[in-house]
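With the hints as constraints, model all of the structure from the sequences given.
So the sequence lines, in the order shown, correspond to chains H and V. So in my numbering, the last spot in the first sequence is 146, and the numbers never skip. So in my numbering, the last spot in the second sequence is 148, and the numbers never skip.
Keep in mind that the hints are not guaranteed to be accurate.
[Stated by the list, open to error] One side only, chain H facing chain V, incomplete, derived with CB under 8 Å:
(1) Thr96
(2) Ala101
(3) Leu107
(4) Leu128
Honestly, the hints are just simulated from the structure, not real lab data. Fair warning: this is a prediction, and the values are worked out from it, not measured in the lab. We treat Cβ as the ideally placed atom computed from N, Cα and C, and that holds for glycine.
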Amino acid sequence: MIRVTRKLEFSAAHFYHNPNLSAEDNRRLFGKCNNPHGHGHNYVLEVTVAGEPDPVTGMVLDLKELKEILQREVAERMDHRHLNYEVPELAGKIPTCENIAAVIWALLEPKITKGQLDRVRVYESPDLFADCTAGTNGVRPKQGGS
Amino acid sequence: MSGPLKLSLTRRYRFAASHRLYSSAFSEEENKRLYGKCGNPHGHGHNYLVEVTVTGPVDPTTGMVANLSELDPFVAREVLEPFDQTYLNEEVSQFREKVPTTENVCREIYRRLKNFPSARLEKVRIEETSNNSFEFAGESGAPQERAQ
Chain H
1 MIRVTRKLEF SAAHFYHNPN LSAEDNRRLF GKCNNPHGHG HNYVLEVTVA GEPDPVTGMV
61 LDLKELKEIL QREVAERMDH RHLNYEVPEL AGKIPTCENI AAVIWALLEP KITKGQLDRV
121 RVYESPDLFA DCTAGTNGVR PKQGGS
Chain V
1 MSGPLKLSLT RRYRFAASHR LYSSAFSEEE NKRLYGKCGN PHGHGHNYLV EVTVTGPVDP
61 TTGMVANLSE LDPFVAREVL EPFDQTYLNE EVSQFREKVP TTENVCREIY RRLKNFPSAR
121 LEKVRIEETS NNSFEFAGES GAPQERAQ
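This is the structure in structure tokens:
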């Protein structure tokens with residue numbers, strides 16, 4: 001099996017706010033990410049597709065096609081947008097990189113017809129990223145924070 | 001359509017420290033042969049880059065696997081404060097007995113972080129230099145779950 005990864009950069013604004021919590025709890029939980037004016041990131045998306053190369057083309061999938069899918073499904077929805085207000089798939093969700101990765105997985109999975117979506121990685125900054133893969137999460141040992 | 005999903009969060013941290021690779025179990029000669037210039041008696045240093053990966057359900061209140069407001073101070077307290085700007089061989093007690101190779105540093109950092117209360121520690125990866133990296137995912141060494 002071969003894994004093929006394609007990258008896409010997009011820039012977007014967001015802030016973290018849970019309407020079910022008080023202003024004070026929001027500030028405590030989210031710190032400066034709670035600033036209601038929002039702030040922005042240069043997100044980097046890495047999409048990995050796994051599969052066997054087609055014997056005729058030598059490709060798992062045509063990267064040009066994947067590029068177009070990423071452009072249509074992700075860039076057009078999220079690039080230069082405010083993730084809290086302008087992306088319906090994120091409505092009601094806090095636009096963390098975990099939630100963005102899960103939403104992108106759900107958008108891409110049905111569109112990948114050759115090979116299998118293997119991993120969606122969303123970098124919010126070079127020092128922070130979330131991975132979404134098929135599988136189940138380990139059980140949280142103890143409820144913390146929230 | 002989509003099966004169950006697994007989310008993980010990875011955060012990169014940095015610390016700078018010196019170390020010396022030397023084992024009293026070996027003769028001077030053997031130490032020299034085994035560790036070469038890494039055994040220089042005055043030690044040498046690196047800018048270590050540590051990648052910490054945690055996994056768990058996304059908390060519906062925060063939308064997060066782990067809140068950095070918990071993870072960052074935990075890693076700072078357990079690892080960065082005791083390791084940064086130190087001579088690992090002398091100033092981190094575990095390395096008085098154990099050679100502070102980055103394999104051992106990686107295991108020690110995993111041990112210090114594995115009780116992070118809010119999410120499960122999946123993996124610690126360290127770059128000792130941009131050319132060398134080391135990973136530890138616990139004794140079972142379970143590789144990341146993948147789609148079947």
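Hints and how they fare:
1. Thr96: holds, 4 Å
2. Ala101: holds, 7 Å
3. Leu107: violated, 10 Å
4. Leu128: holds, 5 Å
Hint 3 alone, counting from the list given before, is not met by this structure.
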